[in-house]
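Residue numbers (the numbering used here), protein chains in the order written: chain A, 181 to 271; chain B, 9 to 356.
Don't read these hints as lab results, they were simulated from the structure.
Computed from a predicted model, the values in this text were never measured in an experiment.
One thing to keep in mind: the hints can contain errors.
[Said to hold, decoys possible] In silico SDA-like links for lysine to any residue, alpha-carbon gap of 25 angstroms or less:
#  : chain 1 : residue 1 : chain 2 : residue 2
1  : A       : Lys260    : B       : Tyr238
2  : B       : Lys279    : B       : Gly202
3  : B       : Lys326    : A       : Pro205
4  : A       : Lys192    : B       : Glu258
5  : A       : Lys191    : B       : Glu274
6  : A       : Lys192    : B       : Asp254
7  : B       : Lys281    : A       : Pro205
8  : A       : Lys192    : B       : Asp328
9  : B       : Lys236    : A       : Ile265
10 : B       : Lys281    : A       : Ile265
11 : A       : Lys192    : A       : Thr243
12 : A       : Lys191    : B       : Asp328
13 : A       : Lys225    : B       : Asp328
14 : B       : Lys279    : B       : Ile147
15 : B       : Lys279    : A       : Val202
16 : B       : Lys331    : B       : Ser351
17 : B       : Lys326    : A       : Ser210
18 : A       : Lys260    : B       : Gly213
19 : B       : Lys236    : A       : Val202
20 : B       : Lys279    : A       : Gly263
21 : A       : Lys225    : B       : Gly283
22 : B       : Lys279    : A       : Asn204
23 : A       : Lys225    : B       : Ile329
24 : A       : Lys191    : B       : Ala181
25 : A       : Lys192    : B       : Ile147
26 : A       : Lys191    : B       : Glu215
27 : B       : Lys279    : A       : Glu222
28 : B       : Lys331    : A       : Glu222
29 : A       : Lys189    : B       : Asn280
30 : A       : Lys191    : B       : Ile329
31 : B       : Lys331    : A       : Gly263
32 : B       : Lys331    : A       : Phe211
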Amino acid sequence: MQQNQNVMKIKKNIAISDSGFVFNPSSGESFSVNPIGMEIMELLKKEMPTQDISNHILENYETDAPTIDKDLYDFITMLKQYGLIDDNEKD
Amino acid sequence: MKKTKYTIGVTALNAIDNPGPGIPVIRALRESESFDVRIIGLSYESLEPGIYMHELVDKVYQIPYPSAGTELLFERLEYIQQQEKMDIVIPNFDAELYSFIKLEPKLKKLGIHTFLPTLEQFEERLKVNLPEFGEKYDIPVPKSEAVYETRKIAEIAREFEWPVLVKGKYYDAKVVYNLEQATMAFNTITSKWGLPIIIQEFIHGTEFNVTGLGDGKGNTIAAVPMRKQYITDIGKAWGGIAVSDDRLLELTRSFIAKTKWRGGFELELMKNKEGEYVLLEINPRIPAWIYLAVGVGQNIPEALVNLALGNEVKPFEKYDIGKMFIRYSWDMMVDLSEFEKISTTGEL
Numbered sequence: 181m182q183q184n185q186n187v188m189k190i191k192k193n194i195a196i197s198d199s200g201f202v203f204n205p206s207s208g209e210s211f212s213v214n215p216i217g218m219e220i221m222e223l224l225k226k227e228m229p230t231q232d233i234s235n236h237i238l239e240n241y242e243t244d245a246p247t248i249d250k251d252l253y254d255f256i257t258m259l260k261q262y263g264l265i266d267d268n269e270k271d
Numbered sequence: 009m010k011k012t013k014y015t016i017g018v019t020a021l022n023a024i025d026n027p028g029p030g031i032p033v034i035r036a037l038r039e040s041e042s043f044d045v046r047i048i049g050l051s052y053e054s055l056e057p058g059i060y061m062h063e064l065v066d067k068v069y070q071i072p073y074p075s076a077g078t079e080l081l082f083e084r085l086e087y088i089q090q091q092e093k094m095d096i097v098i099p100n101f102d103a104e105l106y107s108f109i110k111l112e113p114k115l116k117k118l119g120i121h122t123f124l125p126t127l128e129q130f131e132e133r134l135k136v137n138l139p140e141f142g143e144k145y146d147i148p149v150p151k152s153e154a155v156y157e158t159r160k161i162a163e164i165a166r167e168f169e170w171p172v173l174v175k176g177k178y179y180d181a182k183v184v185y186n187l188e189q190a191t192m193a194f195n196t197i198t199s200k201w202g203l204p205i206i207i208q209e210f211i212h213g214t215e216f217n218v219t220g221l222g223d224g225k226g227n228t229i230a231a232v233p234m235r236k237q238y239i240t241d242i243g244k245a246w247g248g249i250a251v252s253d254d255r256l257l258e259l260t261r262s263f264i265a266k267t268k269w270r271g272g273f274e275l276e277l278m279k280n281k282e283g284e285y286v287l288l289e290i291n292p293r294i295p296a297w298i299y300l301a302v303g304v305g306q307n308i309p310e311a312l313v314n315l316a317l318g319n320e321v322k323p324f325e326k327y328d329i330g331k332m333f334i335r336y337s338w339d340m341m342v343d344l345s346e347f348e349k350i351s352t353t354g355e356l
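Next up, chain B with everything else stripped away, as it sits in the complex (with noise of 0.2 angstroms):
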């Protein structure tokens, strides 16, 4: 039978050292057993990898930086809307995710469809709002606090023992080990991320994550942990091994029902020196690894789409344990003219 052919937007296309989901995410699509797609990439920059890639990607629009406003970035995505009819669009950065959110009704009238965690959702994970949201949902989260002002990191830091974790609100995180360090990591951090920061207790143990995708209900659609097997100098997973944990995948169901999650996220967790799981932080998209996810038996884009689109999707009920992803880089021959057209045009 002929599958129907689904035309789908996928941004964070910077298959670099510090990845994107954009990619595994398409190839991830491009493998699913139950529709065809057209990829239409959206970038921000033109050095992404992911633009140059045609295997993956059939088209690329330049769209505006989240720092443009919603505005802006809806008057694009109409105008690619115009030329393309997308179905659907996953974005994968936390950074534009509050600007999706909130343009959800309007897409939605365009014809384009989204399967987002709600604003609220969206805003109570935020790093800053961890510590209340551990005491909504009875999870356990380590003790941090959000920063404004330099001068306020000294009195912060005296309620914790060193060493502490300084985190950027989206990205970015430095372990310091004096108050030197702190100011350091504050100054650094805020210059690129802007406040707050967040100071937050350093939990010492083993850290996990879990990709999954939650149906807006409080079902539970997928879930695959990880553990880290190679880590690079910004803490990326260069490798990482799908593991077997009842108690992070009754954590990650309790998550997904309490919350009523809708859509994909990360969870990434330690298991501290009493082996207790400690959710250090909820990422609301489907993170740089998912494609591990898939190459075990559980096709989160594939299952996000369906549910986005209203199509019946059955829960995962297992994957394969102790397969693993190992990372690669590979260097492509790209000629100046395609360069030149998508920084000059904004499409290629």
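Just chain A, with the same shape it has in the complex (with noise of 0.2 angstroms):
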């Protein structure tokens, strides 16, 4: 899919504790993340493309490829409300 080559950038200032703990200080919000959303931030703060970002958790989870592409949709999509992905991304 052509999306997925796409790298969504989180911005730079936006701190991701160990725990999963998201903090934005632009906007003094906050967010809980699970332990494979922790991933994922993480991944695109390396700025992984997100096809690489679904092959990764393809090859380390137990799940198929439709599921993974909807589910990190949603996820990316959720980050960008939120504001925490940069504006500026890189196609």
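From the two separate chains plus the hints, produce the assembled complex.
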């Protein structure tokens, strides 16, 4: 999928702690993510393309590609909604 | 080295559910690194909790309500000055500021310093003047209009989209969704705060507040932005977090530079859906959440005292982002004799 070639970059100032606590210092908002959410956010921070993240999860967890693609899309959409993704994302 | 001890008068000791800034201001002054303090509490009512907080307030005097006029206030302050020899007074209520600004030269003659906005600054940021203020200083503000009589509400409301905000000239704001609610809010607010009331465009978005200090020459001495995390039924912050946003700080510095703001202040801003900040209100005094600024490294009340007394003050350049404040309530035990004393003699 063309969309999965994208790199969705997490904003530089977003802090993610080891416990999965996410803090946006610009808005003052904080969130909790589960271990897989944290893993995805860390990979996004490293600017890994979404397709590669999808493959990474497929290799490491017992799931299937359509489920991952759907869940990953939902998760990234949520990150965008909460203003955690850099607007100047790379294509 | 022994620190100089200043005697400082502080108002707004009402540490209640709609708290005045007095108690956090005193707490900040007591934590000053540059001076020691003797605190003179200036109260309006006998049940203001700060009157009985003896670990914070050394002596309390009741002062007349602003409605009694500046002369009566001056007479009372003159009497207090004979007893206490105050170096500075920090008034913390919007409603009393006009009197203190007017009395500034007379108070100075008594040896009482203040560090307040000028009368022009005070008046041009009034809610009724906000549209002109926005235009003059090129700061985005919501559309708003002053209303002086009930029958004009319908006419003015037609220029707005529902919901709108109905605001009192000093305090109070209600979100209303139709003409009936607007009329009710008009009546409730005018009965409490008088005329006019302001009808203001409702900006959807996230509210941010900035407290800061201007030196009167256009320089920013302090600025700390905060986002409310826990809001009471009447819209007061019961918890908040220091945030970092360059645009918010830039807007604050620009406000101070353009207006040459003198004294403490609070900006109330809304970040709209487009991500732009719209200035809703300027409170010309220190806000009740000021202790957050102290807690993150900018002791604004201390800097204000030093500016008032002509001491050197270096602008704060940083603060701790992500630190929070959480308010709590506490029941004090008070002897009836103390309540009796403040109620009958006006001193404690």
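Hint by hint, here is what the structure shows:
For the hint linking A:Lys260 to B:Tyr238, the alpha-carbon distance of about 24 angstroms falls within 25 angstroms, and the restraint holds. Distance restraint check for B:Lys279 and B:Gly202: the Cα-Cα separation of roughly 30 angstroms exceeds the 25 angstroms cut-off, and the hinted pair is therefore not satisfied. Simply put, B:Lys326 and A:Pro205 have alpha-carbon atoms about 14 angstroms apart, close enough for the 25 angstroms limit, and the pair holds. About 20 angstroms separates the Cα atoms of A:Lys192 and B:Glu258, which keeps this hinted pair within 25 angstroms; it holds.
Distance restraint check for A:Lys191 and B:Glu274: the Cα-Cα separation of roughly 29 angstroms exceeds the 25 angstroms cut-off, and the hinted pair is therefore not satisfied. Among the hinted pairs, A:Lys192 with B:Asp254 is consistent with the structure: their alpha-carbon atoms are about 14 angstroms apart, no more than 25 angstroms. With a C-alpha separation of about 18 angstroms, the suggested pair B:Lys281 and A:Pro205 falls inside the 25 angstroms cut-off, and the hint holds. This hinted pair checks out: A:Lys192 and B:Asp328 have alpha carbons roughly 18 angstroms apart, not beyond 25 angstroms.
For the hint linking B:Lys236 to A:Ile265, the alpha-carbon distance of about 23 angstroms falls within 25 angstroms, and the restraint holds. For the hint pairing B:Lys281 with A:Ile265, the CA-to-CA distance comes to about 16 angstroms; that is within 25 angstroms, so the pair holds. The hinted pair formed by A:Lys192 and A:Thr243 fails the criterion: a straight-line CA distance of about 30 angstroms is larger than 25 angstroms. Between A:Lys191 and B:Asp328 the alpha-carbon distance is near 19 angstroms, which keeps this suggested pair within the 25 angstroms criterion.
Taking the CA atoms of A:Lys225 and B:Asp328, the gap is about 24 angstroms. The hint holds against a cut of 25 angstroms. At roughly 13 angstroms between alpha-carbon atoms, B:Lys279 and B:Ile147 fall within 25 angstroms of each other, so this suggested pair holds. As the CA atoms of B:Lys279 and A:Val202 are separated by approximately 21 angstroms, the hinted pair is consistent with the 25 angstroms bound. With a C-alpha separation of about 40 angstroms, the suggested pairing of B:Lys331 with B:Ser351 is violated against the 25 angstroms cut-off.
As the CA atoms of B:Lys326 and A:Ser210 are separated by approximately 22 angstroms, the hinted pair is consistent with the 25 angstroms bound. Our distance criterion of 25 angstroms between C-alpha atoms is met by A:Lys260 and B:Gly213, whose separation comes to about 16 angstroms. A hinted pair counts as satisfied when its Cα atoms are at most 25 angstroms apart, and B:Lys236 with A:Val202 qualifies at roughly 18 angstroms. Taking the CA atoms of B:Lys279 and A:Gly263, the gap is about 13 angstroms. The hint holds against a cut of 25 angstroms.
Our distance criterion of 25 angstroms between C-alpha atoms is met by A:Lys225 and B:Gly283, whose separation comes to about 23 angstroms. Restraint check for B:Lys279 and A:Asn204: the C-alpha separation of about 15 angstroms stays at or below 25 angstroms, so the hint holds. Distance hint between A:Lys225 and B:Ile329 is fulfilled; the C-alpha atoms sit about 21 angstroms from each other, no more than 25 angstroms. Taken as a hint, the A:Lys191 and B:Ala181 pair is broken in the structure, with Cα atoms around 36 angstroms apart against an allowance of 25 angstroms.
Taken as a hint, the A:Lys192 and B:Ile147 pair is broken in the structure, with Cα atoms around 28 angstroms apart against an allowance of 25 angstroms. Taken as a hint, the A:Lys191 and B:Glu215 pair is honoured in the structure, with Cα atoms around 21 angstroms apart against an allowance of 25 angstroms. A threshold of 25 angstroms between alpha carbons decides the hint, and for B:Lys279 with A:Glu222 the separation of about 28 angstroms lies outside it, so the pair is violated. Restraint check for B:Lys331 and A:Glu222: the C-alpha separation of about 24 angstroms stays at or below 25 angstroms, so the hint holds.
The straight-line distance between the Cα atoms of A:Lys189 and B:Asn280 is roughly 23 angstroms, inside the 25 angstroms bound, and the hint therefore holds. Taking the CA atoms of A:Lys191 and B:Ile329, the gap is about 16 angstroms. The hint holds against a cut of 25 angstroms. Straight-line distance between C-alpha atoms of B:Lys331 and A:Gly263 comes to about 20 angstroms, which keeps the hinted pair within the 25 angstroms bound. Taking the CA atoms of B:Lys331 and A:Phe211, the gap is about 16 angstroms. The hint holds against a cut of 25 angstroms.
In summary, the numbered hints that this structure violates are 2, 5, 11, 16, 24, 25, 27.
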